[in-house]
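The hints should help you fit chain B onto chain A, whose structure is shown.
Same order as they appear, the protein sequences are chains A and B.
Taking the working numbering, the leading residue of the first sequence gets 1, the next gets one more, and so forth.
Taking the working numbering, the leading residue of the second sequence gets 1, the next gets one more, and so forth.
Please keep in mind that the hints were generated in silico from the structure rather than gathered at the bench.
Please read these numbers as outputs of a predicted model, since none were measured by experiment.
Certain hints may be false.
[Unchecked claim] Once the Cα atoms are required to be at most 25 angstroms apart in a straight line, the calculated DSS-like pairs of lysine-lysine come out as:
1. B/LYS52 with A/LYS112
2. B/LYS185 with A/LYS47
3. A/LYS129 with A/LYS113
4. A/LYS47 with B/LYS90
5. A/LYS81 with B/LYS47
6. B/LYS55 with A/LYS81
7. B/LYS112 with A/LYS177
8. B/LYS112 with A/LYS62
9. A/LYS52 with B/LYS81
10. A/LYS46 with B/LYS52
11. B/LYS112 with A/LYS81
12. A/LYS81 with B/LYS60
13. B/LYS62 with A/LYS47
14. A/LYS177 with B/LYS177
15. B/LYS81 with A/LYS118
16. B/LYS113 with A/LYS177
17. A/LYS52 with B/LYS62
18. B/LYS52 with A/LYS55
19. A/LYS46 with B/LYS118
20. A/LYS113 with B/LYS62
21. A/LYS60 with B/LYS55
22. B/LYS164 with A/LYS55
23. A/LYS182 with B/LYS81
24. B/LYS185 with A/LYS46
25. A/LYS118 with A/LYS177
26. A/LYS47 with B/LYS118
27. B/LYS118 with A/LYS118
28. A/LYS52 with B/LYS90
29. B/LYS52 with A/LYS81
30. A/LYS90 with A/LYS164
31. B/LYS112 with A/LYS47
2 protein chains.
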Amino acid sequence: MISYPNGKKIYNKPLISSGNRGMDLEESINITNAYYRDNNIALIYKKPTPIKLVKMDYEKAKIVEAYFEQPSTTDYNGVYKGYYIDFEAKETNNATSFPLANIHAHQIEHLKKVIEHKGIAFIIVSFRKKEEVYVLPANIVIQFYEAGVRKSIPYQTFIEKGFKIKEGYALRLDYLKIIDEKFIKDFSK
Amino acid sequence: MISYPNGKKIYNKPLISSGNRGMDLEESINITNAYYRDNNIALIYKKPTPIKLVKMDYEKAKIVEAYFEQPSTTDYNGVYKGYYIDFEAKETNNATSFPLANIHAHQIEHLKKVIEHKGIAFIIVSFRKKEEVYVLPANIVIQFYEAGVRKSIPYQTFIEKGFKIKEGYALRLDYLKIIDEKFIKDFSK
Chain A
1 MISYPNGKKI YNKPLISSGN RGMDLEESIN ITNAYYRDNN IALIYKKPTP
51 IKLVKMDYEK AKIVEAYFEQ PSTTDYNGVY KGYYIDFEAK ETNNATSFPL
101 ANIHAHQIEH LKKVIEHKGI AFIIVSFRKK EEVYVLPANI VIQFYEAGVR
151 KSIPYQTFIE KGFKIKEGYA LRLDYLKIID EKFIKDFSK
Chain B
1 MISYPNGKKI YNKPLISSGN RGMDLEESIN ITNAYYRDNN IALIYKKPTP
51 IKLVKMDYEK AKIVEAYFEQ PSTTDYNGVY KGYYIDFEAK ETNNATSFPL
101 ANIHAHQIEH LKKVIEHKGI AFIIVSFRKK EEVYVLPANI VIQFYEAGVR
151 KSIPYQTFIE KGFKIKEGYA LRLDYLKIID EKFIKDFSK
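Chain A with its partners taken away, still in its complex shape:
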């Protein structure tokens, strides 16, 4: 996000080419979440990646040895219209399916628990080669994972049971539009 001297916030980044090519999914979602926050639409953040801290230089308040840890939950959560929102975002270069290896077992477990506790859980998947980004409800991901038959979710499943996110400029990836129309409409607490 760029702040200009007049205080107007510009939610853009130079696009390398058409669509969002050149901008990764995480960046697009972060920009979208900043837009949601600044326009009082929702309060959704990416969680920091946990680190295992081994050594500090306390005098300089500097971390001198640490390692990234596997997050035990999903990357994003927050609140929208009183609903708890929780999701994981992944990109794939695979054009025909989304490999389940991209989602860890404890993340599946986490998404299941979000549903149990009446939150709204889903994944956002970017098919890079198709330049298409989908919301897939977590229950579909869980079904595939637990069936254990396939190692991936077919692209066709995203067409049939997922929802394509319309890409925009200021509002890069308006995934909450889908949450509004497809989840909250018949979401009973």
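What follows is chain B alone, placed relative to chain A:
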């Protein structure tokens, strides 16, 4: 949390003396949240502290220079009975009041936004010398902060407008009991 060979989870830590003395607030809340999660009561986590990464040793996947950053949100969030829960936890050695300097301006801003988006926002404050821990609704904190008259919230305000958390053994600091009784009862979405 200790996992014993028989798989039974024990939510304890040796207590140094009476009460929770010797155990800090964060540790007590983490143990409580683990209890909530394992017993399918709620899904609440402490967010990792964000770091500013300066230098990596990529071969060893080791962080060799990084600094802790000021979190722009609160420390804890999650979902309980479909409600979005968001809070900050602080300890004080001050026996008569809670210094507002403990809460940063952007955290106050964040708590305000949580309320706007219909989440449940509060702070948990441990008065170490009294060995008492309170839930104080975020709107009270915001009022004090914005009034700008005092630099602290009197202990008396915690008695009058806050709710003392009952301390237990397995369920160390059952703050959700208060959320249930005092927030959700008349919490309209």
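Consistency of the hints with the structure:
no., hint, result
1, B/LYS52 with A/LYS112, "violated (32 angstroms)"
2, B/LYS185 with A/LYS47, "violated (30 angstroms)"
3, A/LYS129 with A/LYS113, "violated (32 angstroms)"
4, A/LYS47 with B/LYS90, "holds (20 angstroms)"
5, A/LYS81 with B/LYS47, "holds (22 angstroms)"
6, B/LYS55 with A/LYS81, "violated (40 angstroms)"
7, B/LYS112 with A/LYS177, "holds (24 angstroms)"
8, B/LYS112 with A/LYS62, "violated (32 angstroms)"
9, A/LYS52 with B/LYS81, "violated (32 angstroms)"
10, A/LYS46 with B/LYS52, "holds (15 angstroms)"
11, B/LYS112 with A/LYS81, "holds (14 angstroms)"
12, A/LYS81 with B/LYS60, "violated (44 angstroms)"
13, B/LYS62 with A/LYS47, "holds (20 angstroms)"
14, A/LYS177 with B/LYS177, "violated (34 angstroms)"
15, B/LYS81 with A/LYS118, "holds (6 angstroms)"
16, B/LYS113 with A/LYS177, "holds (20 angstroms)"
17, A/LYS52 with B/LYS62, "holds (10 angstroms)"
18, B/LYS52 with A/LYS55, "holds (16 angstroms)"
19, A/LYS46 with B/LYS118, "holds (20 angstroms)"
20, A/LYS113 with B/LYS62, "violated (32 angstroms)"
21, A/LYS60 with B/LYS55, "holds (15 angstroms)"
22, B/LYS164 with A/LYS55, "violated (38 angstroms)"
23, A/LYS182 with B/LYS81, "holds (21 angstroms)"
24, B/LYS185 with A/LYS46, "violated (31 angstroms)"
25, A/LYS118 with A/LYS177, "holds (19 angstroms)"
26, A/LYS47 with B/LYS118, "holds (20 angstroms)"
27, B/LYS118 with A/LYS118, "holds (15 angstroms)"
28, A/LYS52 with B/LYS90, "holds (23 angstroms)"
29, B/LYS52 with A/LYS81, "violated (32 angstroms)"
30, A/LYS90 with A/LYS164, "holds (14 angstroms)"
31, B/LYS112 with A/LYS47, "holds (19 angstroms)"
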